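In terms of the working numbering, the sequence shown is numbered consecutively and its last residue is 1238.
Calculated from the structure, these hints are not laboratory results. Take the hints with a grain of salt, since some may be wrong.
Each computed DMTMM-like pair below joins lysine to aspartate or glutamate, with the alpha-carbon atoms no more than 20 Å apart [to be verified]:
(1) Lys-999 to Asp-1012
(2) Lys-1027 to Asp-1039
(3) Lys-476 to Asp-17
(4) Lys-573 to Asp-589
(5) Lys-1125 to Asp-727
(6) Lys-1057 to Asp-1010
(7) Lys-573 to Asp-521
(8) Lys-1100 to Glu-1087
(9) Lys-67 to Asp-83
(10) Lys-1057 to Asp-1081
(11) Lys-1050 to Asp-1039
(12) Lys-999 to Glu-985
(13) Lys-67 to Asp-163
(14) Lys-1103 to Asp-1059
(15) Lys-1103 to Glu-1062
(16) Lys-213 to Glu-451
(17) Lys-20 to Asp-448
(18) Lys-1100 to Asp-1023
(19) Lys-687 to Glu-638
(20) Lys-999 to Asp-1211
(21) Lys-1100 to Glu-993
(22) Lys-999 to Asp-1039
(23) Lys-213 to Asp-83
(24) Lys-623 to Glu-506
(25) Lys-1033 to Asp-1191
(26) Lys-602 to Glu-1222
(27) Lys-996 to Asp-1023
(28) Lys-924 to Asp-895
(29) Lys-1027 to Glu-661
(30) Lys-996 to Glu-985
(31) Lys-1100 to Glu-1070
Bear in mind that the values here come from a model prediction, so they are computed numbers and not experimental data.
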Amino acid sequence: MTPSPTPLSNEQPHFDVIKEHLPAWLLDAPGEQRDALRQSMIASCNSRHDVEQMMAKLQTPAQFVKPLLEEAIAVNFRLTLDVEQATFVHVRKNDYFFGLVSVQGSTSEQTLLSAALHNFDESLTSADAFGAGSGIYRVPGALDSKTPIRPEEFALVCRRLDFGRLYQAHLRSVLDAAAQVDGDDLASRARDPLLQSGKDAFASAIHLAMLKQEITPASYRVLLDVLNDRYVVRYGTQPCSRLELLGMVASEVLVIGLDTSDDTRPCLVYIPQDPISPLARYGSLRDFENELSRRLLSPAYRSFFSRFLPASHQGALLSQTIRQAMWQKWHPKPGLVAEHGSVLLVLHPIDGNVFKGLRDLRRQQIERHGREVVVPTAQTDAQARRQLLQAYEKAGLSALVLAASFIPVIGEVLLVSTGIQLIHEVYLGFDAWRRGEKVEALNYLMDVTEQIVLMGATAGAAKAGRFVGSLLRVKFAPHRSGLWKPDLAPYRQSLELPQALLPDEQGLYDYQGRHYLSLDDQLYEVSHGGSPPEWSIQHPDDPWAYAPPLRHNGSGAWRALHENPREWSDLKRLKRLGAVAAGTRPEDLAPILHASASDSKLLLELHRDSQSPPAQLLDTLKRFQLDRQIQHQRRLESPPINDGTLPSATVEPSAAERFEDRYQQSEQVQGPLSEQIRQDFPDLPKSYVQAMAKSISPAEARQILEQKSLLPYLKDEAELSMQNVDAARLHEGLYLHTTFNPDSDRLAFQTLEALPGWSGDVRLELYSATLAEPPAASAGSDNATSIRRLLREGSRYRVYDTGSLQVFAPSDLYSAIGQALPDTEFENLGFSGPNRNSALKRALIDKIRQLSDSPPVVRQIPAAMPSRPRRPGRALDIHFALETPPGDLEPIGDELYRGAFSRHYIREGERYYQVEPSDPGWKLIDARSPFRFYRPVLRRTAGRWEINTDMGLKGGAPGPVLSKIELVESESSMVSAQEYIKPEPFTREDLERMKLIKSYQRQPNRMGDYDRVNNGRYPLRDLQGKPLRIRKIQSTSDVTDSGLRYQAKDILPYLKWDSHEEVAKLYEEKLLLRTFTAEDARFPPETSMVGQAMVVARKPLKAGEAIGVYGGNFIPFHVSNARKDPFVIDILPNPPSGRPKWDRLVLTGDNIISRINSIFEYEGRLPVRQASSGYNVEGATFPVDVEVADGRLEPFLLSAFFTTRGIPADEELRWNYGYTEAGVRTTFAEPETSLET
């Protein structure tokens, strides 16, 4: 086998590669002989491709017979059978024991296709020929699958149809079309590809033999005369003859008699593509016989020579025949050839044109081979049939094997190449290339040769064309390289693996002692070897062919080393992840990426770095695959009615149960560690369990098994994993047809308001159990006159009117919405026609996907880092280290390095670790499982990197649990901490509006909108706009960006219950909203803010003074994101990192605090990122307990604001929004967008 090769750099042109292969015999030859070789090689290349075009029209015996046979069975027996699966069982009668006692005969079993290829002699059309148990069976070996077809009737049908005669007609139609004119003139021969290809290959062999000095000039002249049909000899010698070996016609071998006056009868012998000597002179026919006898002792040569012999004499039978002949020919002592003995060879003169005669022999061989594989009825009788079967058995062949090899076997005969070893050493895989590619490559090789002869060994004049320039320079042997076309098509296997065969953990199929790999729905054989050992693809026919090396991730993703994943589509990147993704349909690509929170960048990274896919992606792929399988089974069991709409979103209970059963069956884990993880978290998917088990060190594993419980930090990680799973289940529920998630429907329902054109003039309410309970979700204005209620029953929905009367029959969600919405609302949304419900579904899913993929634009109080470590750090876990140090690292200080693809690394001791930047600091990535949630935060202490134990799991580390800080009651008797100046009085109407209940749906909160009465509203209001009373508040704030903790008592005046005017005056005592002027701009790009709002100090403010809290309405994140609401801030403790959860609540601020501006860095006129300094106000978060329905307390975060220095009157206030760079670019994408937020 070829050792594992390594691709080299691809330099253009590939002059040096060719130069190192050029032999002296080519460089030293006369120029006219090199030119003759060039022309003959190109001519042979062209005519060979003409033959390939002809062969493309040939069907294999199985391809030809199978449809005819299946149709015959359907017509004659009214049955549909798989003729490659169903079997013909023949139990023979009338065998006799010692010629006296009749016993049951032997039994044979073969597929119906194989039996039809063999055909039947006339005796088998009688029922008397078949014993009990004979018959046609649907399933091999299954006695209960017997069909009503009688074997003798099947035999009769096959004889009458005569597949062999029909196949002969097919062969002749193709071969006759190739030779349209049968004559001896040049034009006729030029139109006959069989004739011309043989002649051109002969010409190449002549010129090559002369250049290599393997023949004399005299023989060269004789061969040229034969080539040009002008060779004549005297003394009665036959000029040209065909060869017969041991009674078998060798169709391509040409023996040319030489003119001589004695009895020696010398000859020239041409054996196309002979690996030893295609053209050679022998002193006599006996000399040639002796040489051929020696060669045939070699199994490799015997395999080569067998292409010229009948198919029924291949393999073991040919070897046996030759051994018997050699025994007769040679003396008992091995190695000595007898002086006299039986003649193995017989010559038959060729009359007329030599190449026409060889063409006719080729045709006869093809037709003879066809008759041996598909037997015509006229040639069947009992004895002949038995002899043929015995011949196949001795040769180790079967009818199906012969049928499958028919095209390759005749291809070896017809597709005669130049056979020049030099070409195949320089151009690896040359024979599989296209016509134009070969011609370009041959010309370039000869151009390089001429340049070296004329100008020396320096690249210059010879220029490679586009194709040659695209070839890869690869190393295929020590100190030997060649040029290879990066194409795996010639390596494909025609083998079909059993359907029940599953791949191993690496993604390989082990079958009959060989390893197979499926890439892009094609099968390849692979092997493991070389130094260092690695996997490579093996050629199906040539064991010495270049073996492209492979890379893999150990879990099913493979690619050839020459492949560049950057050039792949996302679908190909996904399907290449292994068997679980190989069957992904194009329409499933976006849903799978959406549900698994994956993207194109991730797919590229997986292949580029040979990484195992994230656990969630593997789980999502499995669930989509299961969904497709169950859908397919449902269609087979009960084909759906096609009404021109998308598949119904409703799920039959049986389908959902089947999905869940199969999913749970596939979720079984093995091993004590995995079983312990599953015991602690029963719903954690198998892919997560395996990833977690992989990342646990041996010492940790022992501790877990001893205490029968996961370590605390692993439990935290598993809980985060389950949050990720919940989000994935939610989004996959939008797409899967055989499982149902009501939350997915709720998400789609609540996205209605985010659709362009939604007016809100109709109100829809979604109910989960009964209409008596509050709605689970709503869409549309509270003041809408038209109200429709959707009540879920299983996976269907009933539509009710305002009076709770059912107005429509149950249907899926999208149909129910379609029933509930008036036509005018559909027109506003841009949907019409009979498929508008389907269009609505697509639009909602597309909007959800868009919102999921968009960067979150949510204000956050920047996380604070304590100035001094409060707890000792922990040493880095060495299991996180990279196995191989990364290359090309750029040091950026403190043992921190920048690598390729914008990655960062640290070095601690002799080990390298990958890290990623984050707000709390550098996070450590586990090289064993790069996508795990546990990424501890690091810090640099005393010249070494360590895990920062001051950061909890929110920061990525399993630091010690902090004790809970005591909460104090928010009393109604709270008073202002200082006297305040009377603001502009509020009117009676203002005071009434402060008490109004307004949901987020009635308050768009657009840029430029501001109502001072909002300062008097309670700061936390639910989705309906009802105030949520704060019952407990943490006595001090979390540590702020400046490292301070503020006192809760300073903000209590702003939390006074039912004191609207009093609280509003607190804000207006200190703050004033006015118009931004050119003089207020801190730097030129801020002049775009002129005319917008700004917040300034109404009076001088002290450092550390409380100025209020961030107040507003709760709003679903996906709605605020769709609105591009610029006033949104986090209110949930520990919100999910990365992509927000779909139903995450945020607060859209509407009081004066929410209108304070920020500071940004600019590129041109547009903000691109938060400025790092310049702020005079900072936010502080206070955990609070809020009273919700039924008196329950739920935790939220309250954001309060304090001055960081003394602020004079009329100075503008600015604070750091904590926006990500992506968030800034999204928010301020348009030049005209206001910077007021």
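So, going through the hints one by one against the coordinates:
no. : hint                 : result
1   : Lys-999 to Asp-1012  : holds, 13 Å
2   : Lys-1027 to Asp-1039 : violated, 27 Å
3   : Lys-476 to Asp-17    : holds, 13 Å
4   : Lys-573 to Asp-589   : holds, 12 Å
5   : Lys-1125 to Asp-727  : violated, 25 Å
6   : Lys-1057 to Asp-1010 : violated, 25 Å
7   : Lys-573 to Asp-521   : holds, 8 Å
8   : Lys-1100 to Glu-1087 : violated, 24 Å
9   : Lys-67 to Asp-83     : holds, 9 Å
10  : Lys-1057 to Asp-1081 : violated, 34 Å
11  : Lys-1050 to Asp-1039 : holds, 14 Å
12  : Lys-999 to Glu-985   : violated, 25 Å
13  : Lys-67 to Asp-163    : holds, 13 Å
14  : Lys-1103 to Asp-1059 : violated, 28 Å
15  : Lys-1103 to Glu-1062 : violated, 24 Å
16  : Lys-213 to Glu-451   : holds, 17 Å
17  : Lys-20 to Asp-448    : holds, 11 Å
18  : Lys-1100 to Asp-1023 : violated, 33 Å
19  : Lys-687 to Glu-638   : violated, 30 Å
20  : Lys-999 to Asp-1211  : violated, 33 Å
21  : Lys-1100 to Glu-993  : violated, 28 Å
22  : Lys-999 to Asp-1039  : violated, 31 Å
23  : Lys-213 to Asp-83    : violated, 56 Å
24  : Lys-623 to Glu-506   : holds, 15 Å
25  : Lys-1033 to Asp-1191 : holds, 17 Å
26  : Lys-602 to Glu-1222  : holds, 18 Å
27  : Lys-996 to Asp-1023  : holds, 14 Å
28  : Lys-924 to Asp-895   : holds, 15 Å
29  : Lys-1027 to Glu-661  : violated, 41 Å
30  : Lys-996 to Glu-985   : holds, 19 Å
31  : Lys-1100 to Glu-1070 : holds, 8 Å
Hints 2, 5, 6, 8, 10, 12, 14, 15, 18, 19, 20, 21, 22, 23, 29, counting from the list given before, are not met by this structure.
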